[in-house]
Structures are given as C-alpha cells and as structure tokens.
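Student: Fit chains B, C and D to the known structure of chain A by using the hints.
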Amino acid sequence: MLKPVSRRSFIKASAATAAAVSLTSFDMHSWMASASADEKAAISKIPTTCNGCSSQCGMIAYTKNGRLWKLEGHPDHPRSKGTLCARGHGYATLIYSKERLEQPMKRMENGKYEPISWEQAFKEIGDKLKEIIKEHGPESVALVQDPRPTGNVYATRFIKALGSPNYYTHHVACNNSRDTGFNHTIGGVPSADIANSSYIMFIGRSYGDGIRPSSMSALAQAKENGAKVIIVDPRKNNTSPFADQWLPIRPGTDLALVLAMAHILIEKDLYDAGFIEDHATGFEEFKKEVKQYTPEWAEKVTGIDAQTIKTIATDMAQLKPKAVIEQSWRGAFGCNYKNSTETGRAVALFNAMLGNIQQEGGYIFGASAGLGDLDPDQFPAPQEPDAVKDGEEDFPLAPRGRGVANIVPLRAKEGKMKAAFYHHSNAALGYGNPEYYKEALNEMDLVVTIDVQMSETALLSHYVLPEPSYMERDDAVDGVGGGTAAVVLRQKAVDRVHPNTKPADEIFTELAKASGVGEYFTFTLEDYNKAAVEPLGITMDELREKGSIPLEDKKAEIGTVPEFNTPSGKVEFASQTFEDAGFNAVPTWIPPLVEPKNGSYRLTTGKQAIHSHTQTANIPMLMQITKDYDLERLWMNRQEAKKKGIQDSDLVEVSSDSASSTVKVKLTDRLHPETVYIPSHYGITSKYLTTAKGVGFSYMEHVPFHFQPMSGCSMIHEVIVDVRKVDA
Amino acid sequence: MGQYRMLVDVTKCIGCYSCRVACQMENDLPPDQSYISFCEVEKGEYPNVEWVMHRFSCLHCEDAVCEKVCPQNAISYSQTGAVVVDQEQCIGCEYCEKNCPFGRAKVELCQDKEGNSVSRANKCTLCNGKVLEGMTPACASTCYTEAIVFGESDEILQKAEQRLAEVKDRYPDANIYNPEGVGGTHTIYLLAHKPEEYDLESDATTPASAIIWKDYAQPLGKLLLGATTMAVIGGAISNRLFNKGEHHEGGE
Amino acid sequence: MSSQQNRRLVKRFSKTAIFVHWLNALAFFMLYLTGLPLYTEYFHWLYIILGSAENAMILHRIFAVVFMTPLIIALIFDRQSLVHWLRQIFTWKKHDFKFFMPFAKEFFGLHSDVPKQDFYNAGEKLNSLLQLSMGFILVISGVILWFDQFFSASAVQWAFVFHNIGFALAIAVVVGHVYLSVGHPNSRVSMKGMTKGDVPVDYARDHHGRWYDELKEKEKQKNKGA
Amino acid sequence: MPDHMKQRDLLLFYAELYKPPGDAVYEVISHPDFRTELEQASGAALNDCCDLPSLSSLKEEFRSLFSSSSQNGISLIESFYKPWTTDQTAALPFAQSKGMMMGDPAWHMRYLLEEIGLNSSYDPMFYPDHISVILELAAFLLEEQETDKFTLLVSQHLNWLDDLVEAIRKQKKDSLYLKLTELLNKFVNEFTICNQSFDRLKEDSVC
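Protein chains in written order, with the numbering used here: chain A, 2 to 729; chain B, -1 to 250; chain C, -10 to 215; chain D, 93 to 299.
With the rest of the complex left out, here is chain A (with noise of 0.2 Å):
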C-alpha cells in the first residue's frame, strides 16, 4: 500500500497554504521575468577574499536574488589593487560545481565510500583519535594543510589540544628551502620592491605565470620607469616580455651564477661595505669561500658566459640600493634542487652586498597587522606540547612553525604516524611522490581529509568532511603585511549551496569535542574575530562592510636597517646554526642531486596563469583553456626533439625511474637543451573530477620520494626523465 509513507518528512506543512502564491509566480517563466528584471533591489556587493591561490587577493562579489552574478578585483586590498587574473573569476564557480564533496563519507571495507552523518564522523573519528593516542602517545597524531585563515586558528589550536606538536604546510613542496636560506642569513623573508627598483633580477620566479595582479602592475610600473629586468631561469617563461635579458642557465645552477656575483663584487670592491660593516657578521669567511667563484668557473658551470655574469654583477653594483635579486616563491630555489637552500641564502647574501636592505626598490621586511587573539582567560588556550615535532631533529634549520609535511608518510611508513588530518591540502598529489603517499596513508589507522572536493588525498583517506567553499563561509580575520599592512576578511556570499557541508571552524570545534578535548573550542569563530580585530580599532562591522582595510598607522620604515632576527641581530654571512646542524657556516657549491646524460633531461616544472596548485583544475572554464590550447603539452627544446625525430604535438612518453608517462609534446626555443619542462596542474587521477582527470601527467608522479637536506623540501626537480616518441 502507498498509504505508510504517506507523509512529508522534509516540508513540514503547518500553517502553510498555497493560496498565499498568486499562480503567475507558481509560473516559473514569469517568475523568472519578474525577479531578474527587478536589477537593483536584489543585488549586494560583498566584498571578501579570492581563494583561487595562496595569495588571496580581496575581491567584490556581487550576488542578485542571493546568488553569485559577478566578481570584481577589490581596489583596496594590497594583492589586487583592483584587478583579478582568471583564477580569481573562475574559481568562483565551484560554488555551483555539481562535483564538490556533498556530505561527510567513510571508506568501507570494500574501499568505497559511504555518506555518513556528520555526528556518526565526529564520534568515529574521535573514539579512533582517543584510542590512538592512548595507545601509540600524540605524537602519532599530525596536521598538514595549504593554510587558510580559519585554518591558521582553527587546526593549529586543534592538534595542540590533542597534546601532539606534528603541525605542517605545503611549504614541504613550496618555499621551505628559501625560507631556510633566508631565516638563517636575514632573519626573515622580506619582499622586493619591484616599482622603485632599477635593476631587478629574477631568478626561476615569473611573475608572468604565478600571478598576483599588484606584482604584475610594479613589474609594468618599474619598467615605465626604465628599469633593467633580468629573467634567470631554464625556461623563457611568461615574464619575458618584461625583461630585457634572458639568462638560459643551466637548471639547478642558479647558487653558481649568485655565489659568481658575490665574488665580482668583492673583487672589485663594489659591494656596500659600510652596510656590511654595521649590519652583517662573518663577511671575512664568506669573502674566503668565495675567492674560488670565479665567473669563469661559474661559465662552466651554469652556461652563462663570464663577460655576462661580470656586468650584470657590475651594473647591479652601480644601481645599488635600488638593484635587487627578487625573493622568488617556489621558483628556482623554493623547494627544487639539493642545493635550493645555499642559493637561497647567496641570494639573501647578496641582496645583503648590494646594501639595499628596508631601502627604496631593494628589499623591504613589511610591516605586520598585528591583530589580537582570544583572551587566555576567558577562552584557555592548550599548551605547547612538550613533544618536539617530529622532522625537527633530522631538519633543524627548517622553519619551525611549518615543519616538514612530508615526515607523515615516511613515519607512517615505519609503523610510528598512526593518525594524519589533510585540510584544504592535496598533500598526496601535491607534495611527494604520489606512489609512495598512498602505501603510506593506506599503513595509518586514521587518515581523515577537510575539503571542498574528491581529491587524491580524500581517496585516500578514510573520512573524509566536505567544507563549503571559500564563496559559502565566513573565515577568520587575516592580517596581510606589506609596505601598508592590511586587515581582510573573508566572507559568506552566498548561502551554502551543499547543506549538508560545514565550515572548518565548526569542523575543528566539534573534532575536538569528539575528541575529548573540546574545552579549548568554546568559542565563536564571531568571538575570534572580534578579538582579532579589537586591538586595531576597527569594529567587525566596519570589516564586514569593507572587506579591506589598509592600515595606514602600520607602515614598513623605509631607510632604517632592522635588527636582523638571526642569533646575532645581523645579516649572518657565516652561520653557527648551520654549522651546528653539521652544514658549511658559509654558503659552499653544491652540485644538483641529479645530471642529466646525454639524450636524458631533467623534469622541471612552475605554474601556469590559468591553474593554481591542483586545485582548479576542475573548473571548466579554466581547463577549457588548457583543452583550447593544449597547455598541458611537455617543453622540449627543438633542437633536442630534432635529434630525437620528435615533431610538435607528437605524444611522447616520459619515463623516469619512477614512473612512465605519455603527452602531447611542444616544441620550442624558449627551453634550456638539457631540461623539458611541465606545467605543474595536471595529472588529476580523481574520478570524482571528471572535467580534469586525464589532462596531462602530474611531474610529483616522477619525482622520486626524498628529502633536501637542509629544509627538507621534496626537491622536485631532481629528476631525470627519458623521452621518447611513442605512436599514437
């Protein structure tokens, strides 16, 4: 019989009637006609954060009738001065995505996934955490993510809570090594200030390809102005146009030309020595170690001809303050070679050289925002566990706030990391050896994942807790640092479409719970906020209505020369600390990991305009790009192709010791003869991102699964790939 189910279980009826409708709206067309020609009434301007990348540039999102209708650059957020690339228009619309994780699942035994109820996910989940960490202590336990601000709160207090020090970031795979580098020479990593400068060197960093639109337009302004543009990277990459020299160097020789650099400047006088004299220790044992960089030896090394490297070196000299090596990100020394970390700190060292630290057009340590917290008293803060965080010992000199991700799996793998959370993270394509992190998770006991869509951790993962996305959430307050500081806020634009999906801060706040650590989650992320922004004067509201909001009182001081945050307080050209951690004091060559042979390559790989991280590679609109204009295709230099009777667009396949992969091939000059290069956003193998899975071949897939030295970075360019023709 029909009749037991008949009942509404998802409307309830009372004191309803249809009579209130009128037909005409019951009309869906008419409906339609009325409510969209009504323009004004309906639309709101929200102005929040883009999370099209790590840059978060702040945005206007305009919504009609309560959904999205068009999106604008924010004119006063520091990142994007008003304009947005084509992430930042395009992302958006996974809002609307049909492929977007629904509701919270559990693997099963069969290994597929079933919806579960969120209270049925945190109870699991959090009687699994218990029991792990009584049996096996918290340090079994670890946190990775891409940070977010609600993240940054959120998940740090979370795995504090639970007693474990294991916090990580994708730096693993980003900028540690740089970061390194720099810490340990400049005590920090300031940014160039490219719209002053005169002479700019680039060295693997584009800002052609990994886009943030205010960079871009100090480019443009600083060549108006006349400056000089060097590009020093493997590959002619987007930023061209800009420069006036291309340096085709030799991949993972960059510390070669800097340390070179260093070496014309002192034997030639030319460096800022009342600078060095003031602000800097150990100059005498760097001047020592350099006597051997000679351009000549630094020719044959990187490629790049003595002559050159001796007048770049000269005409920076001459520019300085106002010449600067820009900072780079990921680029040539943020996580790529053996030696990314020495080169990061030749590069700081030699900035240091030219004099132009917190000077016009050199480098500039921002001013922060320095928002508030929460107060202790009313909302008590977990300790600091007395754990040391694990990767700590074996990469000392890796910044400490960041970790070294990619411990997780290598501890899974001896049987001593039980228990990992992945938040907005896709640590298993993005930061090692895909291969390699899926033996790894499959060893834990408990591997849960926070995002918006299946990505290739969430498969392997077996919880995993579907988040809104950027466009549906309210975040927490951030402070952006820079020449002016700013605070933003990302905010809800639209209602959640997904009702079944839950922001982080309610994730994290109800894991603890579950975890029976919930005492430190009684707050609000409301009441964070409020905290957050009280010392700044600036009310929620006024956040709320602005978006944005540049804080003029806190401005980097131009001209005055900081204490340094190195042990000493000074630009440490000779460092104790790496000498403790049984490194040279003094930046020293280090050869690449890897050489190519003859007919062999190296794989490198960077960004493309269009893409960020693995991300976005399922929005339509930005991988009908990639499909209109085959930008997945591997680089390959043409004359090497010739030798090899490889024709543009011909599929090739790319085999290195780990791995075997076919693609379309593109021809071109712009290419160092011994390297090929891919674009690094591809190669989903996610069924559940139908518009991306299949596009290209992921370069992680190759790289082997090792650790840099010094700061433990994935070291994704020591690969060394054959390529063949393969018929089609």
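One or more hints might be untrue.
[As the list claims (entries may be wrong)] As a list, the in silico DSS-like pairs of lysine-lysine whose alpha-carbon atoms are at most 25 Å apart:
#1 A:Lys113 to D:Lys262
#2 A:Lys124 to D:Lys111
#3 A:Lys694 to D:Lys190
#4 D:Lys111 to A:Lys113
#5 D:Lys265 to A:Lys688
#6 A:Lys643 to B:Lys41
#7 A:Lys71 to B:Lys41
#8 B:Lys104 to A:Lys628
[To be verified] Okay, the calculated beta carbon distance ranges per label pair:
#9 A:Gln121 to D:Pro124: 32 to 38 Å
#10 D:Glu207 to B:Pro217: 56 to 62 Å
#11 A:Asp629 to C:Glu30: 33 to 39 Å
#12 D:Asp266 to C:Leu15: 34 to 40 Å
#13 B:Ser115 to C:Phe32: 24 to 30 Å
#14 C:Val72 to B:Ile231: 35 to 41 Å
#15 A:Asp376 to D:Glu207: 52 to 58 Å
#16 A:Gln121 to D:Leu138: 34 to 40 Å
#17 D:Arg127 to A:Glu110: 31 to 37 Å
#18 B:Pro217 to C:Arg76: 52 to 58 Å
#19 D:Glu207 to A:Asp629: 56 to 62 Å
#20 C:Gln138 to B:Lys192: 47 to 53 Å
#21 B:Leu221 to C:Ile51: 29 to 35 Å
No wet-lab data here; the hints were simulated from the structure. The C-beta atom is built at its ideal place from N, Cα and C for all residues, glycine as well.
Tutor: Structure of chains B, C and D alone, referenced to chain A:
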C-alpha cells in the same frame, strides 16, 4: 559620444588569459566560447628567441564587411565605434563569418530568451553596453600589464605611435595594425612582427567579391527582377488591350 | 488542313520529361521562396510563413538536393529526351535568331510574323540555356557555400557573388517563362504539352513549324513504307 | 478515496523513494498490492523488468546510483539538468551551462516554499530543487486542491525526468529505480503543458 578605440599592445601581453575569462564573465559565454583567441609567436633560435603572445578579437572595422553582407541588417555600427550584432535579428546564416577578412565573426550555438539553442553570430562587442554607460571594456579593465588599453580614438592612436617608437629597438618590425583597406579599425594592434606572422594580411581589405556582390550584383539583380516583373505585367495588360477577342487559330 | 486534323493531337513530351520538368520547377520555387528573404529584406515576412529563418535555411538545403535530381533522373530513365533537348538547345540557326524581334511584339499582344521554329522555339531554347547555365552556377556556388570547410575563404566569398547573380538571372528568366506558359494567351496551349504530354497538331504547326514539317515528313515516310 | 488523494499518496511514495531507502519505503514496495495500487494511482502501466531486491541490496543500489559518494552518482537535483539561469543580465560565464547547482529552478522552488510557509526540516538532502522536495510540494498542492498550481509545478519542475530515466538506464538497465522512475515520468507527462507559458495554461490546461 566620441568614438573610442582599443589598443592591444602585444609586446606587453604575458598570456595570462585573464581577459578571456573576464570577457566570458561579462558576456555570459560558456567555457568553450570566447570572443578572444590567442596565438604565440616564437622568433629566432635558442637562446636568441623572442616570444610574443598575440591576443586577437574582432577589430571593429570602420567599413565592416560583416555589416555590408548581413542580409538581416542585424549588424550595425554603434556610436562608440563598435560593430555590434543584434542577436535577435540574426538568423545564423554565416554570411558575416564567411566574409570577414580577419575570420573574427563567428556563428556559434547560443541560447535565446527561451533557453533554446540557436546559431547566432557571436563576437566581441567592444563591451558596447558598458562603454555607453561610461565604463571600460572588461578585458581592458582586467589587464594589469596594460597590454589592452581603451580610450578616446585620437588618444589611443597617439598612444600607439608612442609605444611603437618605444619598442622599435627591441622589435624592428613592429608596426601598428590598423588596416586602411577596411577604413581603419576600432581595435588596433601594436604588433611586434609583420602581420603575416600572426596570420593577418598586412593589406587586409574588404573583399572585392563583397563589393561586386553587394554594390553591383544585388542592386542590378533587384532591378532585373523588377524589370521582368514589370514586363510581365505590361505584357498582360497590353494583351488585354490589343489581343482582345482575337482568337488566334492561325497564328503568326 | 482539314478541321479533323486540327483536333488531332501529337505527342510532345515523355512522362519522364514532364515529371522532371515539374520536379525541377517545384525545387526551383522552393529554393526561390526560401532564399528570397536572404536576398532582400522586403521578404522577411516569408520567415513567418516558413516557421523560422532556421526552417528556411534547412528547406533551402533540402530543395537544393531536390533541384539536382532531375538531371540524374532524366539521365537514367529518359536519356533520349535529354539528349534531344540538349542537342536542340545548343543548335542555333538563322530562324532562331530571327525569332526574337517579332516575338517581342507578340509578347505584348501585337501581331507579328515569327519564322518557323524547331521542336523548341528560340525562346524556349534561350530559356533552357539560361536555366541550365544558371543552374550550374547556382549548384556549384551553392555546394561551395554549403561545404565551405573544403574551400578557401575567397572561393566561398566569390561563391556568394555567383549564387547571387545566378539567382537574379534565373528568376528573371523564369518569370518570363511562367508568364508565357501560363499567362500569355497565345502560348497557353503549350502548357498542355507539359501536363498531358500532347499538343494539338495545329499548335505544333503554328508554333513549331519546323518540327511540324519533320513530323509530316516522318508520316510520309511511314505511309510510303506501308 | 478521491483520485487526487490517491495521486497525493503516489507522490509522497515517490518522495520517499528518492531518499536513501529505509524500512517504511521497503514495506510499501514489498506489499503484494503495491503494483496494482501504483498503476491505479498513476493511471499507467509499470514496465516489467526485475525482481524485488532485498532491502540491503536496494540500499546498495540506491548508493551506487544516486549517492554523491559514488563516482558516477546520478543527480536527483533539478538544476543539474537545466541551464543554470535564463537571466540575461547574469554576468557569469557558466550562466547557461547545465550541470550546475542552485540554478533557476532551485531559486524558484526556494521562493515557493518560503512564500507558502513550508518550513524545511533540516535534512542533509534538503536542496530546494531535490526531486523529493518537488514531489512533496506537489502532494501538498493536491491536498489543497490547487489543481492549476499543481499542474504548473509538475510540468515545469519535473520535466527533466526523461533525462533522469536516461541516466539511470545508462548505469543499470534492470534497476527497480528505472522501472519506477519511468512510471513516474508517464504520470508526470499527463500534466505536461505544451507551451511552458502560464498564459497558455489559462486557455487550455492540458494538451
């Protein structure tokens, strides 16, 4: 309202595709349709190679062939200088697509008001509506390198000349692409190389065929049609008058 | 001639020839109707009759195919008539050229003397020739326009011109042709030839004198033989 | 029982059918008179296809067909099957794309529910244009004897069942869900208005 122009300075383009996406946003285009296309030009051999990205959209000719050949009068000149398609008049006959000397007018599947898929001419509008409201076209306003700039006609021409002088050192073949043969265009290009490198004809003109067709053949044809019809009518009338009652057994 | 003879009929066109003619005519008019609004905006109202511009364009293509079939049908089923027709229309003699001046007078209802004509009179010959050549131009340019992806841009652009010219000339000729066969009192009889296939002997004698002579000659031969 | 109440029960049965199966719905399906009642209420015949599965295999079938946790999960949400919006002013590139969430249908449904005063009980599957919500609203309209509104709702918000049937057929030809959805589609088609305009409805409601 003054006449406007857009300058695309290809020497400043980094190929970030922001203009394409911003344009799709502005014009409600689905992911696989774009008013803007791109081509890369590499000149020289490693390591002495120049790379230029060429971003290409409708040129908005002063004498637009598409406007000339459209049988529906669906294409018209806006007071801003843009050549715009009225998609409600358009029937998707592809006359514009097949006669555009730049291959820019395209007929694609679009959605009409009822949501049905229909073939319609679909091309850059130079953001006509936005410009009429005093705003800048979407592509120009999102371009952070100022490779795309928009403004009063004369200012833009001046700007182009100035930029040309600046880039001549680096690109000796640089030129302003603003073909006379179509009366000049409202999107002009500062090209780094000869137009042929970007698949453009340096002397692009209104095709002679279109002139013969629209200025001679068709008016004459209409005349002929009129003349024969008149002759027939005249014949019928004169037969009535002169041939009345004459039973024509024997004939001539 | 006796009055008996007058009422006698003589066969002029085969069944196939008639079918082919009308099929061609139908296709021509449908192509005309569906193409006209693209030719001149005064006929945009035709879209309403045809349902939509899209329908017009689809129908135009369908009838384009129909337009091309008559030749094939004739070739297969009635090669004799086809060859006869072709041979006739390409044969031009003095009497053919002398046809036009008097014809023009007659066209407007005046009396005049037209020289004896063949099976096809010079007017019909000219009509056929024009139709045949315009047909060729229309078909070739039409194919180029339809399958433009296989042709160069300029070929396609010139195809527009030729399609346009072909259209104008063809229709001008057709208007006259139709009038003469349907509207003009003196030649209305010829219509029978294209419907029933037979024409009165008188008509043959008056309008196609040379053919009539031929027929008589044949008859004589036959009679002699018998 | 009057016809419209039978139809109401039919719609409510279907509303339950498109939620993860439980005892109640299984009890209905497994009842010996189920088929007769169903056919009677819907005024159409059920295609033969398959045996009654056990409750656990029905659950598994539902999961593999409709759950978002399954790789090719079939959407039960109307917006997915229609262009996102017909609002000509929407300045979004995907405005006319299909396969997106929270499209015009969802927007309209949300409006209707709010205006009528039908509160949504919080439910993980509560998408305003989820098939079950549409069916429940349709049942409510029958209860209220709002025939015109019922006809409009059914003809405009359930006119995507052809696509749903196709999607199920593609994945599992011998599914009970296919058979039952086909029947629902037949029932819905009875109410489909040719021209989707409301003015037409006033002239002749069904064609």
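Student: Just to be sure I understand the hint, the distance between the Cβ atoms of Arg127 of chain D and Glu110 of chain A should be within 31 to 37 Å; is that true here?
Tutor: holds, 35 Å
Student: Is the hinted range of 33 to 39 Å satisfied by the C-beta distance from Asp629 of chain A to Glu30 of chain C?
Tutor: For Glu30 of chain C against Asp629 of chain A, whose Cβ atoms are near 37 Å apart, the range 33 to 39 Å holds.
Student: Holds or violated: the 24 to 30 Å window for the beta-carbon distance between Ser115 of chain B and Phe32 of chain C?
Tutor: holds, 26 Å
Student: Cβ-Cβ distance between Leu221 of chain B and Ile51 of chain C: within 29 to 35 Å?
Tutor: 30 Å Cβ-Cβ, so the 29 to 35 Å window holds.
Student: Taking only the CA atoms, is the gap from Lys643 of chain A to Lys41 of chain B under or equal to 25 Å?
Tutor: holds, 17 Å
Student: Looking only at beta-carbon atoms, does the pair Gln138 of chain C, Lys192 of chain B fall within the given range of 47 to 53 Å?
Tutor: At roughly 28 Å between Cβ atoms, Lys192 of chain B and Gln138 of chain C fall outside 47 to 53 Å, so the hint is violated.
Student: Would you mind confirming whether the straight-line C-alpha gap from Lys104 of chain B to Lys628 of chain A stays at or under 25 Å?
Tutor: holds, 19 Å
Student: Cβ-Cβ distance between Gln121 of chain A and Pro124 of chain D: within 32 to 38 Å?
Tutor: For Pro124 of chain D against Gln121 of chain A, whose Cβ atoms are near 35 Å apart, the range 32 to 38 Å holds.
Student: Per the hint of 52 to 58 Å, is the separation of the Cβ atoms of Pro217 of chain B and Arg76 of chain C within bounds?
Tutor: violated, 38 Å
Student: State, for the Cβ atoms of Val72 of chain C and Ile231 of chain B, whether the hinted interval 35 to 41 Å holds or is violated.
Tutor: Holds: the Cβ-Cβ distance is about 37 Å, inside 35 to 41 Å.
Student: Next pair to validate is Lys694 of chain A with Lys190 of chain D; report whether the Cα-Cα distance is within 25 Å.
Tutor: This hinted pair holds, its Cα atoms lying about 19 Å apart.
Student: Is the hinted pair Lys111 of chain D and Lys113 of chain A satisfied, with a Cα-Cα distance of at most 25 Å?
Tutor: holds, 19 Å
Violation of the numbered hints given earlier is confined to hints 7, 12, 15, 18, 19, 20; the remaining hints are satisfied by the structure.
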